[in-house]
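Asker: Residue numbers (our numbering), protein chains in the order written: chain R, 1 to 165; chain B, 1 to 165; chain G, 1 to 165.
Since the hints were derived computationally from the structure, they do not count as laboratory data.
One or more hints might be untrue.
[To be verified] Using C-beta positions, here's what the derived DEER-type ranges look like:
#1 Leu103(G) x Thr164(B): 31 to 41 Å
#2 Arg151(B) x Val100(G): 15 to 25 Å
#3 Tyr107(G) x His121(R): 39 to 49 Å
#4 Val97(R) x Leu43(B): 18 to 28 Å
#5 Ser53(R) x Thr164(G): 55 to 65 Å
#6 Val152(R) x Gln132(B): 26 to 36 Å
#7 Asp157(G) x Leu43(B): 45 to 55 Å
#8 Tyr153(B) x Tyr107(G): 20 to 30 Å
#9 Lys51(B) x Ala131(R): 15 to 25 Å
#10 Thr164(G) x Glu161(B): 44 to 54 Å
#11 Val158(B) x Pro63(G): 42 to 52 Å
#12 His121(B) x Ser119(G): 31 to 41 Å
#13 Val152(R) x Pro63(G): 48 to 58 Å
No residue lacks a Cβ here, since even glycine has one placed at the ideal position from N, Cα and C.
Each chain, letter by letter, is given below.
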Amino acid sequence: MFVASFPASVSRCVSHLSEMLEESVGLGAVTVLGVLEQAYFSLQVIYARRKYSVSPPSTAGPPEFERIFRAQANCSEYFPIFITMLWTAGLFLSPGVSSVCGLLYLYGRLLYFWGYSESAHRRLAPLYFSAQVLWVLIGFSSLGVFLTFCRVYLKVDVLLELWTA
Amino acid sequence: MFVASFPASVSRCVSHLSEMLEESVGLGAVTVLGVLEQAYFSLQVIYARRKYSVSPPSTAGPPEFERIFRAQANCSEYFPIFITMLWTAGLFLSPGVSSVCGLLYLYGRLLYFWGYSESAHRRLAPLYFSAQVLWVLIGFSSLGVFLTFCRVYLKVDVLLELWTA
Amino acid sequence: MFVASFPASVSRCVSHLSEMLEESVGLGAVTVLGVLEQAYFSLQVIYARRKYSVSPPSTAGPPEFERIFRAQANCSEYFPIFITMLWTAGLFLSPGVSSVCGLLYLYGRLLYFWGYSESAHRRLAPLYFSAQVLWVLIGFSSLGVFLTFCRVYLKVDVLLELWTA
Ligand SMILES: N[C@@H](CCC(=O)N[C@@H](CS)C(=O)NCC(=O)O)C(=O)O
Ligand SMILES: N[C@@H](CCC(=O)N[C@@H](CS)C(=O)NCC(=O)O)C(=O)O
Ligand SMILES: N[C@@H](CCC(=O)N[C@@H](CS)C(=O)NCC(=O)O)C(=O)O
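Please model the complete structure; the sequences and the hints are all you need to start from.
Answerer: Here it is in structure tokens:
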């Protein structure tokens, strides 16, 4: 009797939400890791300010300092974009796939920071890598939003249609 | 029997959440669009670096370059504020209204970037426009948080009270 | 009969989610406050640009201007990190504790901005304070993600185990 009365849509919604919460643990872990990475970059700038005697508010100094300063600035600039796409792809498409991409992105950014600290040229390879991973996350986010739109407004489950076609 | 036993508050909560998820598709779409706009701005800086031969880590160059560089930097600085208000207004007040404001903001920022690239003066009109839209989003966010606070802690549905007054 | 048929896990999930929504009002309020603070910082830079005649796209000027400019830039750089940790600690651990930390952080950042505007040295004490609060939020976020991971994947409620040990 209960099963018959309980609207299927509500039940599906609830279990979907409960799953969402459970699976978003991975997104939370990658988020914390990303913040720790940013904290590491900031500390490197503080050490470099001491080493090369570049006192705030100045940001100009020897090229060694400026590369470290710009590496952190560039990573900070992309951090909100990264977090936004991590969670959009994670909530609208797949938390697991999104978390794995997130780890790859953070790894690429670490190599970018280390490379840029050594020479401007060494920033390029990891920059291309992390940019590609970010494009994948943007693609997953777009796909997730599109599929959710189709399900909610057009009542079409595109993946199911493709599968059974 | 089921209907009587099932607590109304839970049922309201669930349907509210299910609606929230469905309607947040618009917020997700505006978010992806905002990230694509930021990616476009970044690419313009990369092209300008090549055109005016401003190699990283340097950020100083001819005024043409510096305007493009600063236009992207300014938009990046406001991007997290924008995303934060888009979702706060969207989740606590109305996803639809918030998404429309989001589109207007992104349009304003595109005009800002193009205007600033041409001359410092041409950045002003679109800056005022996008700032106004952002203030509207901040107002909606505040209102949404205030109304939710009244509903949850004071058990008063302010809008309903006003309506039936 | 209803009570017996209704799966306990679903019921727990729903009430947990409903609580989450209700308690996240505090997180929303701190978020709006943080955005208002950032808007205040931006306006100070605009006033300083007029006062010291530093027209965009230039960012170089007298030390008084550069300190205000850098104070706002530094707060903007940390804003996404702050918002991310506020919500991660709030959703995975405790919205109340996280909101209180958020208020302390925003207070520290206000003192940082005012101190930095006066002299580079006066930025230090509030910087240490706000950095400590941010580390507390990072700690709470990590703990929240860890406890949720244990509950979801290892089916162990660590806090309950410790309590009843
Ligand atoms: N972007 C920052 C990253 C590191 C940081 O947060 N530094 C602290 C302590 S030296 C600060 O107050 N920086 C001043 C500033 O950013 O202008 C910097 O350039 O220093
Ligand atoms: N703010 C960046 C925007 C574009 C970007 O991400 N550029 C890449 C490739 S040129 C980079 O590594 N920039 C170095 C830097 O930001 O210092 C810039 O000034 O270049
Ligand atoms: N970082 C900004 C903060 C204030 C702001 O948003 N200013 C507006 C009006 S003066 C602007 O267009 N700034 C140009 C820029 O950031 O290059 C600044 O340096 O001006």
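Asker: Which hints from the list above does the structure break, by number from lowest to highest?
Answerer: Violated: none.
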